[in-house]
Amino acid sequence: MKSTREGYGDVLVELGNDRNIVVLDADLSASTYTNKFAKEHPERFFQCGVAEQNMVGMAVGFALSGKTPFVSTFAAFVPSRALDHIRVSVCYNNANVKLASTHAGLTVGEDGATHQAMEDIAALRALPNMKVIVPADYEEAKKAVKAAADTFGPFYIRLGRNKLPEITSPESPFEIGKANVLREGTDVSIIACGIMVSEALKAAEDLEKQGVSAEVINNHSIKPLDYETILNSVNKTGCVVTAEEHQINGGLGSTIAEFLVQNNPVPQEFVAVHDTFGESGKPEELMEKYGLTSKDIVRAVKKVLGRKV
Amino acid sequence: MEGVNFLNDKARTIRRDIIQMISGAKSGHPAGALGMADIFAALYFKILNHKPEEPDWSDRDKLVLSNGHISAVRYSSMARSGYFPVEELKSFRKLNSRLQGHPSYKDLPGVESSSGSLGQGLSIAVGMALASRLDNKESKIYCVVSDGELDEGSSWEAITAANKWKLDNLIAIVDRNKIQISGNSEEIWPLESLKDKFLAYNWDVIEIDGNSMEEILEAFEKAKQIVGKPVVIIAYTVPGKGVSFMENNYEWHGRPPSKEEAKIALEELK
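From first to last, the protein sequence lines are chains C and B. Counting with the working numbering, you get residues 1 to 309 for the letters of the first sequence. Counting with the working numbering, you get residues 1 to 270 for the letters of the second sequence.
These aren't lab readings, by the way, just hints derived from the structure by calculation. There may be inaccurate statements among the hints.
Here are the simulated lysine to aspartate or glutamate pairs, DMTMM-like style, with alpha carbons at most 25 Å apart [unchecked claim]:
| id | chain 1 | residue 1 | chain 2 | residue 2 |
| --- | --- | --- | --- | --- |
| 1 | B | K164 | C | D84 |
| 2 | B | K270 | B | E260 |
| 3 | B | K224 | B | D135 |
| 4 | B | K229 | C | D27 |
| 5 | B | K137 | C | E43 |
| 6 | C | K303 | C | E288 |
| 7 | C | K223 | C | D84 |
| 8 | B | K229 | C | E43 |
| 9 | C | K236 | C | D226 |
| 10 | C | K39 | B | D135 |
| 11 | B | K106 | C | D84 |
| 12 | B | K166 | C | E43 |
| 13 | C | K146 | C | E171 |
| 14 | C | K308 | C | E205 |
| 15 | C | K178 | C | D226 |
| 16 | B | K164 | C | D27 |
| 17 | B | K229 | B | D168 |
| 18 | B | K137 | B | E54 |
| 19 | B | K164 | C | E43 |
| 20 | B | K222 | B | E192 |
| 21 | C | K178 | C | E205 |
| 22 | C | K39 | C | E6 |
| 23 | B | K51 | B | D107 |
| 24 | B | K137 | C | E40 |
| 25 | C | K223 | C | E175 |
| 26 | C | K163 | C | E279 |
| 27 | B | K164 | C | E40 |
| 28 | B | K166 | C | D27 |
| 29 | C | K308 | C | E258 |
| 30 | C | K302 | C | E258 |
| 31 | B | K137 | C | D18 |
| 32 | B | K166 | C | E40 |
| 33 | C | K146 | B | D135 |
| 34 | B | K106 | C | D150 |
Please build the complete structure, drawing on both the sequences and the hints.
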């Protein structure tokens, strides 16, 4: 089992042979794994200290000069610390800057609330030109980073701290703006991203034993959203449960709800953190306490089935 | 080689444009723009290695205007030096214009980055300077910042970065006019001694009368020769320079002159 941040660190080294790639980090490269790139291509690695606003600004300078900068720190610090720079210098310029933040979400664990970014998706998807990708595992993280490098424009790739079960393989498809149906079903659409995809698959297994046929979608591309796949699924199933390691306010669930309410408003339940800060604890304990397990998804499915007209 | 008289003449024209643009739009920021007209005339007509007919020429010097609210001085300088027709200056701040209230990278070739939210441009200039170095270019990266802008902590992050990487292809210019929206800068947010601060960050410092063309030209020549450290030209300018009723009055930071006031100003700038 490997983490999505490992995927990032590993693929950056491969991509790094392209002399246009530069990497910037804010004193966390041993944790974000940009240190691997730094070792191979030291002349294109820029240690920016604990000064995230400047780091993002510098990345813009590189991008406007034809380079492809990858910018890393914890998700707790970028976007929030540098949001104005991201809004004006990155997005308004449509600068080719790739923000790859690690240690997103509750499962950062013992560091506690200040380090548990749970509002980053909400903040960034509100910005025009910004694309938001949340890979579900190591292999998908590699593909996401590579796709971001190959696609012009601002990107946010949300990566986590912990090792995750393998859901995808090197051969499974990945395309920005395309969601992947991992498991077909007819009673409910479970749409998840990041660490919650494997929880969704576990939930679907449990539900099947209870006679409920759940469709599971890996929605790694929050922005741009795969309208077609989502709508096809929901037209079929008639109800939705979204699952994310993020506040209920403004994340994946909200994205889906915004779209569905305009196209096919069906009952939806949100598995997310319900507008509260996190705390110190072991990742599994925190997921339990804050309602982010497969059991919570099962409960949400039963609730939403009850709301079906 | 463009002489002092020629450049002072250009500065005068730029000042007239600024008054006409801002009064025409009924909005804009005259004080800083007028104060910086001499430096912009020097940059666009002498100092910058650039090709107005080829704004994306890969070996050009770059000029980042971080305090984007003084956009009028940049637009006039660009038009007068051949980036776009002077006629277009009339569209300043109007709907669908390429001349947005604060400079827009996506709209106007020749603008190196959008700006307007203070404290960002210098970081961008640092990134450009490093990229230029990676590509072994001779280009200089110029970055204009305002003194009010140095209130922003992010400015000092950029100043540290320039020191870390010893960016001697980076030349910053501080528009030290000692005013900002709410009043006199040293009362609002004291920064003196600005010179000592930059020296403490291992920058070279050149202080000048920012409205003296001779001093401006001498400062840029000196700045271009500096090796091994970034350099800042602290330019003490008169905000509203050239218009008697605007000079040194902070209220003109963001106040457009009325038609009558503009008329008087243009008379003075004949």
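Here's how the hints hold up against the structure:
1. Pair hint K164 of chain B plus D84 of chain C holds up; C-alpha atoms about 24 Å apart against a cutoff of 25 Å.
2. For the given pair, K270 of chain B sits about 16 Å from E260 of chain B by alpha-carbon distance, which is consistent with the 25 Å threshold.
3. For a cut-off of 25 Å, the pair hint linking K224 of chain B to D135 of chain B stands: about 19 Å separates their Cα positions.
4. With a CA separation close to 23 Å, the supplied pair K229 of chain B and D27 of chain C stays within the 25 Å bound.
5. Proposed proximity of K137 of chain B and E43 of chain C is supported: the alpha carbons are some 16 Å apart, at most 25 Å.
6. The straight-line distance between the Cα atoms of K303 of chain C and E288 of chain C is roughly 19 Å, inside the 25 Å bound, and the hint therefore holds.
7. For the given pair, K223 of chain C sits about 19 Å from D84 of chain C by alpha-carbon distance, which is consistent with the 25 Å threshold.
8. Taking the CA atoms of K229 of chain B and E43 of chain C, the gap is about 19 Å. The hint holds against a cut of 25 Å.
9. The straight-line distance between the Cα atoms of K236 of chain C and D226 of chain C is roughly 16 Å, inside the 25 Å bound, and the hint therefore holds.
10. About 20 Å separates the Cα atoms of K39 of chain C and D135 of chain B, which keeps this hinted pair within 25 Å; it holds.
11. Pair hint K106 of chain B plus D84 of chain C holds up; C-alpha atoms about 18 Å apart against a cutoff of 25 Å.
12. With a C-alpha separation of about 15 Å, the suggested pair K166 of chain B and E43 of chain C falls inside the 25 Å cut-off, and the hint holds.
13. Between K146 of chain C and E171 of chain C the CA atoms are separated by roughly 14 Å; this keeps the pair inside 25 Å, and the hint holds.
14. Taken as a hint, the K308 of chain C and E205 of chain C pair is honoured in the structure, with Cα atoms around 21 Å apart against an allowance of 25 Å.
15. Under the criterion of a C-alpha separation no larger than 25 Å, the hint pairing K178 of chain C with D226 of chain C is consistent with the structure, at around 5 Å.
16. With a C-alpha separation of about 14 Å, the suggested pairing of K164 of chain B with D27 of chain C holds against the 25 Å cut-off.
17. Proposed proximity of K229 of chain B and D168 of chain B is supported: the alpha carbons are some 5 Å apart, at most 25 Å.
18. Note on K137 of chain B and E54 of chain B: the hinted pairing holds, with a Cα-Cα distance of about 17 Å set against a maximum of 25 Å.
19. For the given pair, K164 of chain B sits about 14 Å from E43 of chain C by alpha-carbon distance, which is consistent with the 25 Å threshold.
20. A distance of roughly 24 Å separates the Cα atoms of K222 of chain B and E192 of chain B; the hinted pair therefore holds under the 25 Å criterion.
21. The suggested pairing of K178 of chain C with E205 of chain C holds, with an alpha-carbon distance near 24 Å, which does not exceed 25 Å.
22. With a CA separation close to 15 Å, the supplied pair K39 of chain C and E6 of chain C stays within the 25 Å bound.
23. Under the criterion of a C-alpha separation no larger than 25 Å, the hint pairing K51 of chain B with D107 of chain B is consistent with the structure, at around 18 Å.
24. Distance hint between K137 of chain B and E40 of chain C is fulfilled; the C-alpha atoms sit about 24 Å from each other, no more than 25 Å.
25. Only pairs whose Cα atoms come within 25 Å are accepted, and K223 of chain C paired with E175 of chain C is accepted, the gap being roughly 12 Å.
26. For the given pair, K163 of chain C sits about 20 Å from E279 of chain C by alpha-carbon distance, which is consistent with the 25 Å threshold.
27. For the suggested pair K164 of chain B and E40 of chain C, the alpha carbons sit about 21 Å apart, so the restraint of at most 25 Å is met.
28. Proposed proximity of K166 of chain B and D27 of chain C is supported: the alpha carbons are some 19 Å apart, at most 25 Å.
29. The straight-line distance between the Cα atoms of K308 of chain C and E258 of chain C is roughly 19 Å, inside the 25 Å bound, and the hint therefore holds.
30. Between K302 of chain C and E258 of chain C the alpha-carbon distance is near 22 Å, which keeps this suggested pair within the 25 Å criterion.
31. The straight-line distance between the Cα atoms of K137 of chain B and D18 of chain C is roughly 19 Å, inside the 25 Å bound, and the hint therefore holds.
32. The straight-line distance between the Cα atoms of K166 of chain B and E40 of chain C is roughly 23 Å, inside the 25 Å bound, and the hint therefore holds.
33. Taken as a hint, the K146 of chain C and D135 of chain B pair is honoured in the structure, with Cα atoms around 23 Å apart against an allowance of 25 Å.
34. Pair hint K106 of chain B plus D150 of chain C holds up; C-alpha atoms about 21 Å apart against a cutoff of 25 Å.
Of the numbered hints stated above, none is contradicted by the structure.
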